[in-house]
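Here the protein sequences come in this chain order: A and B. Using my numbering, the letters of the first sequence map in sequence onto residues 1 to 186. Using my numbering, the letters of the second sequence map in sequence onto residues 1001 to 1413.
Hints in this document: simulated from the structure, not taken from any laboratory. C-beta atoms are modelled at their ideal positions from N, C-alpha and C, and glycine is treated no differently. Among the hints, a few may not be true.
Just so you have them, the derived chain A footprint on chain B, three or more residues with Cβ under 8 Å [said to hold, decoys possible]:
(1) 1257-1271
(2) 1282-1290
Partial chain B-side listing against chain A, Cβ under 8 Å, derived [as the list claims (entries may be wrong)]:
(3) S1275
(4) G1276
(5) S1277
(6) R1358
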Amino acid sequence: MTITDRPVDNGVNVQALLGAREALSAAPEAAQFTFRAACTWLNGTHSRSSVAGFTGLGAEQQHRTTYEYDVDHPECFASEDNGATPVEYILVGLVGCLTAGVAAVAQHRGIQLRSVTATIEGEMNVLGILGADPDIRNGFEAVTVKFAIDADASRDDVEALLAQAQKRSAAFDIVTNPTKVLVELA
Amino acid sequence: MIQTTAVVIGAGHAGLAMSRRLTDRSIDHVVLERGEVANSWRTQRWPSLRLLTPNWQTRLPGRLYAGDYPDNFMPVAEVVATLTCYARLIGAPIRTATTVRALRAAPDGYEIAAGDDLLRARAVVVATGACTLPAIPRLAEAVPPGITTLTPLDYRDPGHLPDGGVLVVGASATGVQLAGEIRRSGRPVTLAAGEHVRLPRTYRGRDIFWWLEATGLLAERYDQIDDVTRARHLPSPQLTGTSQAVMTDLNKLAAQGVRIVGRLGRITGGVAQFSGSLANTCALADLKMNRFLNRADEWATASGLDHELPLPHRFAPTRVDPRSPLELDLRSGEITTVLWATGFRPDHSWLDIPVRDRAGHLRHDGGVVTGAPGLYLLGLPVLRTRASTYIHGAAADTQALADHLHSFLSRRG
Chain A
1 MTITDRPVDN GVNVQALLGA REALSAAPEA AQFTFRAACT WLNGTHSRSS VAGFTGLGAE
61 QQHRTTYEYD VDHPECFASE DNGATPVEYI LVGLVGCLTA GVAAVAQHRG IQLRSVTATI
121 EGEMNVLGIL GADPDIRNGF EAVTVKFAID ADASRDDVEA LLAQAQKRSA AFDIVTNPTK
181 VLVELA
Chain B
1001 MIQTTAVVIG AGHAGLAMSR RLTDRSIDHV VLERGEVANS WRTQRWPSLR LLTPNWQTRL
1061 PGRLYAGDYP DNFMPVAEVV ATLTCYARLI GAPIRTATTV RALRAAPDGY EIAAGDDLLR
1121 ARAVVVATGA CTLPAIPRLA EAVPPGITTL TPLDYRDPGH LPDGGVLVVG ASATGVQLAG
1181 EIRRSGRPVT LAAGEHVRLP RTYRGRDIFW WLEATGLLAE RYDQIDDVTR ARHLPSPQLT
1241 GTSQAVMTDL NKLAAQGVRI VGRLGRITGG VAQFSGSLAN TCALADLKMN RFLNRADEWA
1301 TASGLDHELP LPHRFAPTRV DPRSPLELDL RSGEITTVLW ATGFRPDHSW LDIPVRDRAG
1361 HLRHDGGVVT GAPGLYLLGL PVLRTRASTY IHGAAADTQA LADHLHSFLS RRG
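Whole structure, please, built from the sequences with the hints as guidance.
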């Protein structure tokens, strides 16, 4: 353990988050957010999605810039591999959300992080999506995330950090719990 | 019209304790009770239930446990007898079989419609209990027809259930006790476990409630707790009122053959879907338990008790079966009963006074209702301290609130 007088700084503005929690509890309509993405089919299994704005705090909000994502399937699926597969984006979303949570919870608990790396794996039997075996589901059978965290804290505290990051993660909730999905024709 | 200075609604442990405090302060009052003393204990508790707190801790104002078994846990019938005896001891002015239908603001106080009577009082103490109604999630509506559903308020014993498998939803004290009891009757049991509180019955030779009290945890005040809303909504710890087993946790249930699954997230097309977050839910409960045991050990060392207590140790982590299913088809015939051990809530529907927050909870400051001078709440979880959740907590709570009530009456002359 390093003894230092420097304040813990993981680059997370915890005061702003705590302020938001208080302000939004008093004005619940502002806490209602809608996140959006738009997708255009290009060719084959290749599509491009963009994320530009979202609704929240009672107003329309814009990202600093429009983010674009190419989605495709790999060559071994007879596709052109112009981008990550949809399920890999889900892994990216999940691990990104957990990592953000680790940093935020560490900041709140006064734990200085030195490095955080993670690998995430989703196991999938593609006989499901190929419709070859009705007993096999389309999606992941299991997802495994392995974090390596170097921080000024005991192993118990880092485990607690990781558990709390899961507890407060939107992506973790979306992946682990059922979500109602409506797909309609415009 | 009956005029009195104060009205206490509910003759359970909290209402009776308040009556005693008011009598001590010579405050003229009436206790209104919908049934008999300890009514919910008489009519809404399953027979095998015992208090989670040991007998020595079941203290009421002016009455300590004087029986021969301080380390045992009171069965429901003994709780009823204890409270009935206490009501007589303190000479509580109770009107039984008098259901309160409405409480309204009136000039100089409150008007209470109770039974066939109308009462006027300057102060009212609501002590109607925290467990009057079952809290059932909305997804219960999607349980397919033909399945028996019940709550712990209706449950009696496994013999009253239809044959077949039982899905117990919720892993609080109630959920684990009923899952275990039903499993022992030979039925297949699945327990859906969301966030839960794991604690051992005993640690280092002492009951866990001894530790909770000795370390000062139960005395933590509502206005000093970091997130009191969360503390007030925590599930009860996975304990059973028995010294037979150190743990009545998920590991114990799994060893008995109970199938543990994640939180019930949705029922769609008759299929129950469970959360995949069970491993983390269990990890959180283990971490929280160990955090308390660390605090207990530190306290024991600081108090110089290490030489008279057995050595510190830790319990095996909760084992999560990787084959635990994410889905269960409720139409397959495997499950014939769903038991909602998903918590309870108070019934304040008769309170006709605008004192609720956006979520419908009564706004109060440690039991002093906000915006309704002279109106008080009692007997709710973490009302004033963490002990408020338990019977003995009413002693300090009624002391503080009776003082407040007394000075409220004096101020108004």
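Against the structure, the hints:
{"no.": "1", "hint": "1257-1271", "verdict": "holds (count 5)"}
{"no.": "2", "hint": "1282-1290", "verdict": "holds (count 4)"}
{"no.": "3", "hint": "S1275", "verdict": "holds (5 Å)"}
{"no.": "4", "hint": "G1276", "verdict": "holds (4 Å)"}
{"no.": "5", "hint": "S1277", "verdict": "holds (4 Å)"}
{"no.": "6", "hint": "R1358", "verdict": "holds (7 Å)"}
In terms of the numbered hints stated before, the structure departs from none.
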